[in-house]
Amino acid sequence: GQSLEQPSEVTAVEGAIVQINCTYQTSGFYGLSWYQQHDGGAPTFLSYNGLDGLEETGRFSSFLSRSDSYGYLLLQELQMKDSASYFCAVQAGTALIFGKGTTLSVSS
Amino acid sequence: NAGVTQTPKFQVLKTGQSMTLQCAQDMNHNSMYWYRQDPGMGLRLIYYSASEGTTDKGEVPNGYNVSRLNKREFSLRLESAAPSQTSVYFCASTLGREKLFFGSGTQLSVL
Chain A
1483 GQSLEQPSEV
1493 TAVEGAIVQI
1503 NCTYQTSGFY
1513 GLSWYQQHDG
1523 GAPTFLSYNG
1533 LDGLEETGRF
1543 SSFLSRSDSY
1553 GYLLLQELQM
1563 KDSASYFCAV
1573 QAGTALIFGK
1583 GTTLSVSS
Chain B
6 NAGVTQTPKF
16 QVLKTGQSMT
26 LQCAQDMNHN
36 SMYWYRQDPG
46 MGLRLIYYSA
56 SEGTTDKGEV
66 PNGYNVSRLN
76 KREFSLRLES
86 AAPSQTSVYF
96 CASTLGREKL
106 FFGSGTQLSV
116 L
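Each protein sequence line maps, in turn, to chains A and B. One point on numbering: in the numbering used here, the residue at position 71 of the first sequence is 1553, and numbering is uninterrupted. One point on numbering: in the numbering used here, the residue at position 110 of the second sequence is 115, and numbering is uninterrupted.
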């Protein structure tokens, strides 16, 4: 089967950097994705790593190590609007399986 | 270009009633998914359809059925609703597997 582990909660202050880790166990791994979800909203795509290494998109970066079954999402220059839930997800065959999510609270 | 459209947005059912959640996408995507989201449980995959004409069970398929009516539409049916099916349901679609586009969700309460 598949499993993903990520911290349930992270807190930080505006302007800080935060890293959300994700470890996974799955068969037929293709890649690791990250999604953001604000309260009451739908998840929205942030980034995808199909190969080892770092992908950067503005203030957000995502990293993957396939040999360690590990990835992380790095959020820089945190803003209040970054307060949300963040989900890692793995492609397992033709399905996409999500972790339970990390709630990020950003304070001023 | 509406993206992924789900109906209804809210629904209240009595135990034992049936209903169908509708989902349509206008992005010509091959794959479509149904997830449920419960507090502290993340998004759990109910069923998915990798392409028109195929459907597969996900992590929590019991009590649900699906129909991939055509490339655009993927419906989720609850034959006999139970309180344990109270949840927020999301439909999603993707062309490949890297980036899912989600609908706005259906909040379902089963009394």
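For the record, the hints were derived by calculation from the structure and aren't laboratory data. Any given hint could be a false lead.
A short, non-exhaustive set of chain A residues, derived as facing chain B with CB atoms under 10 Å [stated by the list, open to error]:
| id | residue |
| --- | --- |
| 1 | A1494 |
| 2 | Y1517 |
| 3 | H1520 |
Residues of chain A placed beyond 12 Å of chain B at every Cβ, according to the derived structure [what the hints assert, rightly or not]:
| id | residue |
| --- | --- |
| 4 | V1500 |
| 5 | E1538 |
| 6 | F1545 |
| 7 | S1567 |
This structure is a prediction, so every number in the text was calculated from the model and none was measured. Yeah, the Cβ is synthetic: ideal placement off N, Cα and C, and Gly gets one too.
Comparing the hints with the structure gives:
no. : hint  : in the structure
1   : A1494 : violated (21 Å)
2   : Y1517 : holds (8 Å)
3   : H1520 : violated (12 Å)
4   : V1500 : holds (19 Å)
5   : E1538 : holds (16 Å)
6   : F1545 : holds (16 Å)
7   : S1567 : violated (9 Å)
Violated hints, in rising order: 1, 3, 7; the structure is consistent with all others.
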